[in-house]
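A.B. asks: Take a look at the letters that make up each chain.
There are 2 protein chains.
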Amino acid sequence: MRHTISILVTNEFGVLSRVSGLFSGRGFNIESLCVAETTDPGISCMTIVSIGEERVLEQITKQLHKLVNVIKVHEFTKEERIERELALIKVQVTAENRAELLSVVEIFKAKVVDVSPKSYTIEITGDHDKIMAVLELLRPFGIKELVRTGSVAMARSPKTK
Amino acid sequence: MRHTISILVTNEFGVLSRVSGLFSGRGFNIESLCVAETTDPGISCMTIVSIGEERVLEQITKQLHKLVNVIKVHEFTKEERIERELALIKVQVTAENRAELLSVVEIFKAKVVDVSPKSYTIEITGDHDKIMAVLELLRPFGIKELVRTGSVAMARSPKTK
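Going down the list, the sequences are from chains W and C.
Mind the numbering: the first sequence is residues 19 to 179 in the numbering used here, read in order.
Mind the numbering: the second sequence is residues 19 to 179 in the numbering used here, read in order.
Watch out, some of these pointers could steer you wrong.
No distinction is drawn between identical chains; accordingly, a pair holds when it is met within one copy or between any pair of copies.
To be verified - Only pairs whose alpha carbons sit at most 20 Å apart, straight line, appear in this in silico EDC-like list of lysine to aspartate or glutamate:
#1 148 x 55
#2 177 x 163
#3 127 x 145
#4 129 x 145
#5 148 x 58
By construction, these hints were calculated from the structure, which means they are not laboratory data.
Computed from a predicted structure; not experimentally measured.
The whole structure should be built from the sequences, with the hints applied where relevant.
C.D. replies: Next comes the structure, spelled out in structure tokens:
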């Protein structure tokens, strides 16, 4: 099962290595991981997307809570969260397929951020499924380079006052 | 000095822990790190933004090359790269400041992705400086939550055939 976990940590040497070590030590493969500063420069937020058994994840969460650098651990469920990632995709372009490529860009509300005679670089954001769908559509053009941030997530706000 | 480094690695247990351990072991603080799959599911791309001395980074790069899981290491220079990150920002909103908030969203080509009676969640992409500028402008409204992916980077394409 695919899990999205958000971990608040104090910004100290070695915390990333210790947290990722906990996952790999139990054979949990990390699909993506992001870590960056929050509004408090002393605190970072890590978002981990990982695939594995619920039971093992519970054990990892318990171990995470024991680390002195870990402030908070939260696992998101599908219903409650906004999940987004960003991808930069460099695609081959020819005079013949340029218009078709631009229509894919428009449909997915993506942006062309760099242009050369032979390639367009596209910036796109969305959830994991949207990014996978775009990559599938762009594959026939020829993807020359791809870099993805991995997902970040935030809980949806309650819709009542 | 701020460095942006891209590392291609094989997708195996423990590689993230070993790579981040190399940085922390030499006192190099990681400002942000992203790791996600490439078009080849067996290979991941890590993007690390780190602050420290050039001399120490050279030592780290040498050590990185010695790790069996590391395929390629590339340090970007300011001139050649497109750098982007994504942020989700939950901001307090009132009847009085809603219009002002929406004008900030429009100016920065951001998107409102979740709405509740008391808060708006904004999705924004840009380089590090743009994200910092937006956060500065949104601070007076009251930032309730912030999650950032950290930067990914890609080399610009040559502009001649």
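A.B. asks: Could you tell me which of the hints above the structure violates, numbers in ascending order?
C.D. replies: No numbers; nothing is violated.
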